[in-house]
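Build the full structure now, drawing on both the sequences and the hints.
Top line first, the protein sequences correspond to chains A and B. So for the first sequence, this note's numbering puts the first residue at 1; every next one is plus one. So for the second sequence, this note's numbering puts the first residue at 1; every next one is plus one.
In short, the hints are calculated from the structure, not lab data. Treat the hints with caution; some may be incorrect.
[Unchecked claim] Residues from chain B that face chain A, not an exhaustive set, calculated with beta carbons under 7 Å:
no., residue
1, Ala4
2, Lys8
3, Asn9
4, Leu12
5, Ile19
6, Tyr34
These numbers come from a predicted model, not from an experiment. Backbone N, C-alpha and C define an ideal beta-carbon position, used for all residues, glycine too.
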Amino acid sequence: MEATHDHAHEDHSHHPTGLARYFFTTNHKDIGSMYLWFSLIMFFVGGFMALVIRAELFQPGIQIVNPDVFNQLTTIHALVMIFGAVMPAFVGFANWQIPLMVGASDMAFARMNNWSFWLMPPAATLLVGSFLVPGGAAGSGWTLYPPLSIQGGISVDMTILAVHIMGASSIMGSINIVTTILNMRAPGMTLMRMPMFVWTWLITAYLLIAVMPVLAGAVTMLLTDRHFGTHFFNAAGGGDPTMFMHIFWFFGHPEVYIMILPAFGIISHIIPTFARKPLFGYASMVYATSSIALLSFIVWGHHMFTVGMPAAGNLFFMYATMLIAVPTGVKVFNWIATMWKGSMTFETPMLFAVAFVSLFTIGGFSGLVLAITPVDITLHNTYYVVAHFHYVLFSGAIFSIMGGAYYWLPKWTGHMYDEKLGKVHFWLTTISFNITFFPQHFLGLAGMPRRIPDYATQFTEFNQISSVGAFLLGFSQLLFLYVIIKCIRGGAKAEAKAWEGAEGLEWTVPSPAPYHTFETPPAFH
Amino acid sequence: MDNAIARKNAVLARKLVIIALIMGGFGLALVPFYRQICEATGISQSRIVAQKASGEVDMARLVTVEFVASNSNGLNWTFEAIDKMVQVHPGQQTVVHYRVVNNTGRRIVAQAVPSYAPTEAAPFFKKLQCFCFDQQTFAPGESRDMQVIFVVEPGLPADVQRISLSYTFFDVTAEPGVKG
Chain A
1 MEATHDHAHE DHSHHPTGLA RYFFTTNHKD IGSMYLWFSL IMFFVGGFMA LVIRAELFQP
61 GIQIVNPDVF NQLTTIHALV MIFGAVMPAF VGFANWQIPL MVGASDMAFA RMNNWSFWLM
121 PPAATLLVGS FLVPGGAAGS GWTLYPPLSI QGGISVDMTI LAVHIMGASS IMGSINIVTT
181 ILNMRAPGMT LMRMPMFVWT WLITAYLLIA VMPVLAGAVT MLLTDRHFGT HFFNAAGGGD
241 PTMFMHIFWF FGHPEVYIMI LPAFGIISHI IPTFARKPLF GYASMVYATS SIALLSFIVW
301 GHHMFTVGMP AAGNLFFMYA TMLIAVPTGV KVFNWIATMW KGSMTFETPM LFAVAFVSLF
361 TIGGFSGLVL AITPVDITLH NTYYVVAHFH YVLFSGAIFS IMGGAYYWLP KWTGHMYDEK
421 LGKVHFWLTT ISFNITFFPQ HFLGLAGMPR RIPDYATQFT EFNQISSVGA FLLGFSQLLF
481 LYVIIKCIRG GAKAEAKAWE GAEGLEWTVP SPAPYHTFET PPAFH
Chain B
1 MDNAIARKNA VLARKLVIIA LIMGGFGLAL VPFYRQICEA TGISQSRIVA QKASGEVDMA
61 RLVTVEFVAS NSNGLNWTFE AIDKMVQVHP GQQTVVHYRV VNNTGRRIVA QAVPSYAPTE
121 AAPFFKKLQC FCFDQQTFAP GESRDMQVIF VVEPGLPADV QRISLSYTFF DVTAEPGVKG
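Next comes the structure, spelled out in structure tokens:
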């Protein structure tokens, strides 16, 4: 279809084909697709590491990997999933959907967009390739805490470089997204009439611009401590490792919301579509999202209740953290109110959205438990924390990504996906997810520490349940891949408005969305 | 995309780049900011210096003080507390000794850094004299006993009955600015 579009006014008047098309493309839909494929590949890479971890934890004792490799696996699993899978997936959605949703012809800076994407594969190669260098990958945990990250080998430098590159890519992507949203909306689309996904990404992009440079600063200081004789974090020269934790989590906590706000946006589209009602409390959704973003800057200390902050500090971070439950509660309330008395149907995207609301809320509640300083002092660095953040990141972020993929696949491919297989994928994922992660709450409460390859024998049963669930969960995702490929290759023809209850500009263009859309801004009512 | 929008986009992008740069600067500014907060609140001191004790002695109370010695990564000499444990009355001036044997066969300049457990005891633990105030130079094979003179202030919270003082020696021979 793209061969017919050689408009003279386009800065790329002929389309390269094959690999070159993707290498040189400045088209937001191509770049969006590349981000999504990249994310899916990294999801499987990170998932493979998770399965090695779970295989090792199937029994007490050391069976499959030695403790060093185990630490490297937990470190790179996390970095790959955060920077390689979740964030690029949301950027992929942003690229595909934001221009379509606001009625723009493309992103504001199409060439920079290409560059943002093509920085990612080299960064991922550095990260995953660091397993091959002498000493293996970084084993300091994804937080790269000194002194371990100062003592590690060349792989730590590779990891730092990868973080720098991915950070640069995120900042460029965010500048692009903010500019597109603020300057290129269709006439009549005021800020308070923007689709929720666009709103959540606008706020997320600002968060990224604000905190990615802080992370870059922190890892640069690590690098100079390692190689240039500075002592920011090196206690031998009067530095302070605790300072790294403060700077890191000043980035790290907003980062957590960077990974969940776009998810909120996606869910805020799926639920109204399949409840056939407009989103309940649109304005309160916007304000709740903004408050979550603002609060995210003052709660970093709850990641470090055990480092010996003064009681006043601990209390401040505890109350500030609990405050976040208020806007989050507003959002959950609004989603449920949207479903209330709606004409609901349960296609795959809706199943993922409903599961998101319930399971993410469980993760939110365990987060509230962890926010209580004295409780956290017991649960810190146990499997309870692992269970908590997998509930918010897997059944939160990743469920929304999967739901969003099913929701917009008809628009992207022009075909309806296989609904039956989609539902099978959903149920397999949801059931095995809970088998994997729910028992980890019990393990944590019983005192099993995280990031260890071996454990006391009384933890065996729950670990075995968790490992069986993990393998089921991992292999179920092959079905996701199959459904996507099947949908690309064929299937029932999708209408322009693929879902009966769908609203928004993206459903006014044909399915699949033509290579160029909205070259003249649409009328928005 | 028409030129007016392109120009608007460029202006906005420039502003966003400036925000990113400012936040990068903010990240680096957190370093002095953090040090100042720690100093102002007494959480840590950038330089370990001699302190004065208030003088009064609480003869009714006894506090156990334990002494721990450890070396940082890469420093393989002998460093130990000669007095492992003492019982003191709050306010009472006490002398304990640590010993270093430089059995590494090379000259070493080292800095000791103290830390306390529990942390709430730290503000009430006053060192009048300590080998940690200055960098110490040891010739190859040298053995030296070093003094710590301290007072536990009577204001120490009542639930603290046992304090651990731990010193870690860091090898700073290769650091820039180290003479000798």
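* Asked: Does the nearest C-beta of chain A fall within a distance shorter than 7 Å of the C-beta of Lys8 of chain B?
  -> 5 Å, holds
* To do: Verify the interface restraint on Ile19 of chain B: the C-beta must sit less than 7 Å from at least one C-beta of chain A.
  => Given a least distance of 5 Å, the restraint on Ile19 of chain B holds.
* Asked: Do the numbers back the hint for Leu12 of chain B, that is, is its least Cβ distance to chain A under 7 Å?
  -> 5 Å, holds
* Would you settle whether the hint for Ala4 of chain B is holds or violated, based on the nearest Cβ-Cβ distance to chain A being less than 7 Å? => The hint is violated - Ala4 of chain B has no Cβ within 7 Å of chain A, the shortest such distance being about 10 Å.
* With a cut-off of 7 Å on the beta carbons, see whether Tyr34 of chain B makes it to chain A. => 5 Å, holds
* Does the CB of Asn9 of chain B sit less than 7 Å away from some CB of chain A? -> 5 Å, holds
Hint compliance for this structure: hint 1 is the single one not met.
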